[in-house]
Amino acid sequence: MGRLVSSDETTTWLSHFQNEFTQVLRTPLDLSSGTMRADAKKYPRKLSQQIMTEIPGAANRGLSVYNRQYWFRLFGALQSEFPLVSRLLGYWRFNGLAMRFLGEHPPQEVELHRIGRGFCAWLAKEWLARELPAKSAIPKIALIQAAHIDETWSRIFLAPEQPRWHPSPDDAAQLLHLKFTPTAALAIVEQQWPLLALRSQLSNYPGEGAIPLPSSLAQLEHWALLRTDEGIGELLLAPRQARLYHLMSNHTLGEALATLEQECSDLPPEQLQRDIASWTQQSVELGFWAKANI
Amino acid sequence: MLPRDALGLGLRIPYYDYVFEHWPDVDYFEIISENFLGPAAPPRQKLARIRARYPVVLHGVGLNLLSHEAIDERYLDDLCRLADAVDAPFFSDHLCWSGAHGMNHHDLLPTPFRPELVEFAAERIAYVQRRVGRPFAIENLSSYVTFQTSTMSEWEFYSAVVRESGSWYMLDINNIYVSSQNHGFDPLEYLRAIDFARVQQVHIAGHERQADGLIIDTHNHPVADAVWQLYRQAWAMSGGFPTLMEWDDRIPPMPVVLAELDKARKVRDGQTCE
Chain S
9 MGRLVSSDET TTWLSHFQNE FTQVLRTPLD LSSGTMRADA KKYPRKLSQQ IMTEIPGAAN
69 RGLSVYNRQY WFRLFGALQS EFPLVSRLLG YWRFNGLAMR FLGEHPPQEV ELHRIGRGFC
129 AWLAKEWLAR ELPAKSAIPK IALIQAAHID ETWSRIFLAP EQPRWHPSPD DAAQLLHLKF
189 TPTAALAIVE QQWPLLALRS QLSNYPGEGA IPLPSSLAQL EHWALLRTDE GIGELLLAPR
249 QARLYHLMSN HTLGEALATL EQECSDLPPE QLQRDIASWT QQSVELGFWA KANI
Chain V
2 MLPRDALGLG LRIPYYDYVF EHWPDVDYFE IISENFLGPA APPRQKLARI RARYPVVLHG
62 VGLNLLSHEA IDERYLDDLC RLADAVDAPF FSDHLCWSGA HGMNHHDLLP TPFRPELVEF
122 AAERIAYVQR RVGRPFAIEN LSSYVTFQTS TMSEWEFYSA VVRESGSWYM LDINNIYVSS
182 QNHGFDPLEY LRAIDFARVQ QVHIAGHERQ ADGLIIDTHN HPVADAVWQL YRQAWAMSGG
242 FPTLMEWDDR IPPMPVVLAE LDKARKVRDG QTCE
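Keeping their order, the protein sequence lines are chains S and V.
Start counting the first sequence at 9; every next residue gets the next number (the numbering used here).
Start counting the second sequence at 2; every next residue gets the next number (the numbering used here).
Simulated from the structure, these hints should not be mistaken for laboratory data.
Note that CB positions come from ideal geometry on N, CA and C, so glycine has one too.
Just so you know, not all the hints are guaranteed correct.
What the hints assert, rightly or not - Calculated Cβ distances over 10 Å to all of chain S for the following chain V residues: (1) Arg5; (2) Asp85; (3) Lys264.
To be verified - Listed below are the simulated EDC-like cross-link pairs for lysine to aspartate or glutamate, each with C-alpha atoms no more than 16 Å apart in a straight line: (4) Lys47/V - Glu169/S; (5) Lys299/S - Asp178/S; (6) Lys47/V - Asp178/S.
Please model the complete structure; the sequences and the hints are all you need to start from.
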């Protein structure tokens, strides 16, 4: 079956027209009035002059609908992808950020849920480092952790199905030489505030304003997030357990165990070995690993 | 093809729990293709459960048929796989563009209506229909602007594209009403231009009127009385068509949506929809 070839003249004409219409859509909304208003003065005049209207001066009314619709659809999608961050900041402040991010990173892919790719990194590097006011009620690190949890949640929810790894008799004989690959439906996140609990209670906070950040936890927590048939499960990990899974994801099991033993010289070796045996068994039973290879 | 009196519902995430518990009396579901094209497991698993009980048709928003850019072959590969997976009786998308110059705008955008664009659109639509190997139905937009460079009416353009491409109509009655109010044309003149033998499906949905009188196609309300009236007229002009209700925002509990869908049956029977 041959590929499609279309008339050059029509595609050239469409290209010009769609370039101007794109400028209308992507014209940033004006925040100065305290509402997000379309700023029709910035639309390309050539396109505005093509709009049919019987009401003088109303040519841009319809274009403004498209301009606002463009941004609000993207705001809504980004809020859905980043529920914790958007509620901690409040929608007004979040949408202002979203407009800047999407202004720099125009959506390119057909799946709407992918528009937030890179948002977490952008937030951490480009915005939080420079512009979060020192007097802000929300510590920068809390927002970064919240963004990471949101991003991770979405990524594992949308991960493809993968088979679970189960040890074969051959594997048992060479266990220490195996390198484990975590399933795409697993991630380990950190939180210094009870952000996962807050995320599960967001529906208790109606409205669009900023919600309060709960008090800090006594110590940094590590949680495994694992998608199952019932949804996304959360499992609180001991710090060394989280460290073990991180090491197992990047080294052979033998190397991971040796490194952990070195790092945990304060513990009696028997206790560490018992813990490691229990943690590795738990990870296999819960389906943390998609495969293990020499 | 679906039965000409079939009543279907646009499948949305808030419906899943109700559907899996009650398996409601709906003739078929329509899915948004883009929500199921990727490798994500949960949407695919849910779709497989639904498909085991109901026919499923595909409705796309991302083919970008009237863009200056080439049709995305990778998208078509994914669409073929999805259509095969659910054995879709047909698939549909919009007579519009949704991205340009490497960007995806995630909106259904208008163009001037011109004869040279009929040829351009028909060629691309015929190609997509051949490539997917199933009937391809094209939906009319609701719009908020018209262009002085148009040399045809929307219904002349739409019908010419369907005819010359050998494709089908996915006729949205609410969109006809919305555009007729926004641009001041007679919606019945639009309907009279339609070859109803080539209508695969009709969409109905709610809309919202702004303070300045402009109507926006929001899909967040029950179907307006004026749209039901137009639907009844379309039904009378045709030999019947599958009818699908879309509700995309402020989605009420599913029984409310099902009751709204059932109004289509009453309207067709000449009853009021109170």
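Evaluation of the provided hints:
no.: 1; hint: Arg5; result: 32 Å, holds
no.: 2; hint: Asp85; result: 16 Å, holds
no.: 3; hint: Lys264; result: 28 Å, holds
no.: 4; hint: Lys47/V - Glu169/S; result: 13 Å, holds
no.: 5; hint: Lys299/S - Asp178/S; result: 14 Å, holds
no.: 6; hint: Lys47/V - Asp178/S; result: 36 Å, violated
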